[in-house]
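The listed protein sequences correspond, in order, to chains F and A. FYI, our numbering numbers position 101 of the first sequence as 101, with every residue one higher than the one before it. FYI, our numbering numbers position 39 of the second sequence as 39, with every residue one higher than the one before it.
Mixed in with the good hints, there may be bad ones.
[To be verified] No more than 35 Å apart at the CA atoms, straight line, and that leaves these computed lysine-lysine pairs for DSBU-like:
#, chain 1, residue 1, chain 2, residue 2
1, F, K61, A, K26
2, A, K83, F, K29
3, F, K165, A, K143
4, F, K83, F, K111
5, A, K61, F, K61
6, F, K111, A, K83
7, A, K165, A, K26
8, A, K83, A, K111
9, A, K23, A, K143
Everything labelled a hint here was simulated from the structure, so no lab data went into it. Please read all numbers here as calculations on a predicted model, not as lab measurements.
Protein chains: 2
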Amino acid sequence: MSDTNDDHLIEVPIDSQELFEGKFLKARKDTVRLPNGEHAEREYIVHPGAVVVIPFLEDGKVLLERQYRHPIGRVMMEFPAGKLDPGEDPLVCAQRELLEETGYNATEWAKAGALHLAISYSTEIIHIYFARSLVYTRRQLDKDEFLDTCEMPIDDLLEACRTGKVTDAKTLSCALWLQNIAAGAWNLDWQRHSASTA
Amino acid sequence: MSDTNDDHLIEVPIDSQELFEGKFLKARKDTVRLPNGEHAEREYIVHPGAVVVIPFLEDGKVLLERQYRHPIGRVMMEFPAGKLDPGEDPLVCAQRELLEETGYNATEWAKAGALHLAISYSTEIIHIYFARSLVYTRRQLDKDEFLDTCEMPIDDLLEACRTGKVTDAKTLSCALWLQNIAAGAWNLDWQRHSASTA
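Pulled out of the complex, with its shape left as it was, chain F reads as follows (with noise of 0.2 Å):
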């Protein structure tokens, strides 16, 4: 959304620091100078990127999944995602993703679109994809892993967006995607892909 008329918005990076390295999290404290002259301070989660799947089964349901998510204290109720590995191609870790979460494989893959998840503190970007076609094998969960699939009509998906059972931000820019797609307002590209062997 950058263009030349943007001078008196854009931040220019002087100076970045890392702020701490954890086991799983990484932040970075840079100083920028506004638009004014001045200086500020920007503390952000460097994170490598992730993906997000909405897989079409065969009745008309997607799939999604319930898994305990400790920062909020709650299950959640979620569409299957997960973190790039470094250098790994967005549709690639989305068929690794769905196969070791669900144990489904599928043979047809749309991209819908990104989503920036937490932009005033984190990079990370969610690629956006569909997957239909699919063919159950074997999850293959770590063994650190907990996390029940469940299948839902479309449209108790977005009930269950009206009355907050589903209040995870990726879930609910998905279903934006997903209600358009399933009502013919949205179109995807599909393509097929040979199933994952990951």
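Following the hints, complete the assembly by docking chain A onto the known chain F.
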């Protein structure tokens, strides 16, 4: 979404330590007991919570902001939003942020729900409000705050979500609400509130 049948998913907190405290970001590292009895570490940002406002203008448009977001390195299009002050009521925060950032007071407000922004590494909850009957007074930006407001027909905003001009997750989540409210599929409980004097 947690109930007594979720024991096979739930993590039990065992220990909690400060991971770091920056000027803006605060993070903790907790130890949890997994459903299989093993221990794992969870690192996450501790966030005070926030609000986002979807402001309806008189002519069927909505009001958005364009703001440079350093972690993304781009000017982002997003609905007005801001962090709760300690102990602040979310509606009061929504009124304050709308006035400060856009210069508008609204006399009718509706709570639409909430979203959790980054469930794997932040406690952040964002309360979603709709505002209407807007009257322009005067913006009250902090001296280090730089943003433009822009008015947009709802259909143009949805098109911007489809084409990737809007990628902010809270704004995409709000667009799901907005589309369904505008279509009459979902309803709001509008309340009159005197204009903020913040």
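Here is how each hint holds up against the structure:
| no. | hint | verdict |
| --- | --- | --- |
| 1 | F:K61 / A:K26 | violated (40 Å) |
| 2 | A:K83 / F:K29 | holds (20 Å) |
| 3 | F:K165 / A:K143 | violated (39 Å) |
| 4 | F:K83 / F:K111 | holds (16 Å) |
| 5 | A:K61 / F:K61 | holds (34 Å) |
| 6 | F:K111 / A:K83 | holds (33 Å) |
| 7 | A:K165 / A:K26 | holds (31 Å) |
| 8 | A:K83 / A:K111 | holds (16 Å) |
| 9 | A:K23 / A:K143 | holds (18 Å) |
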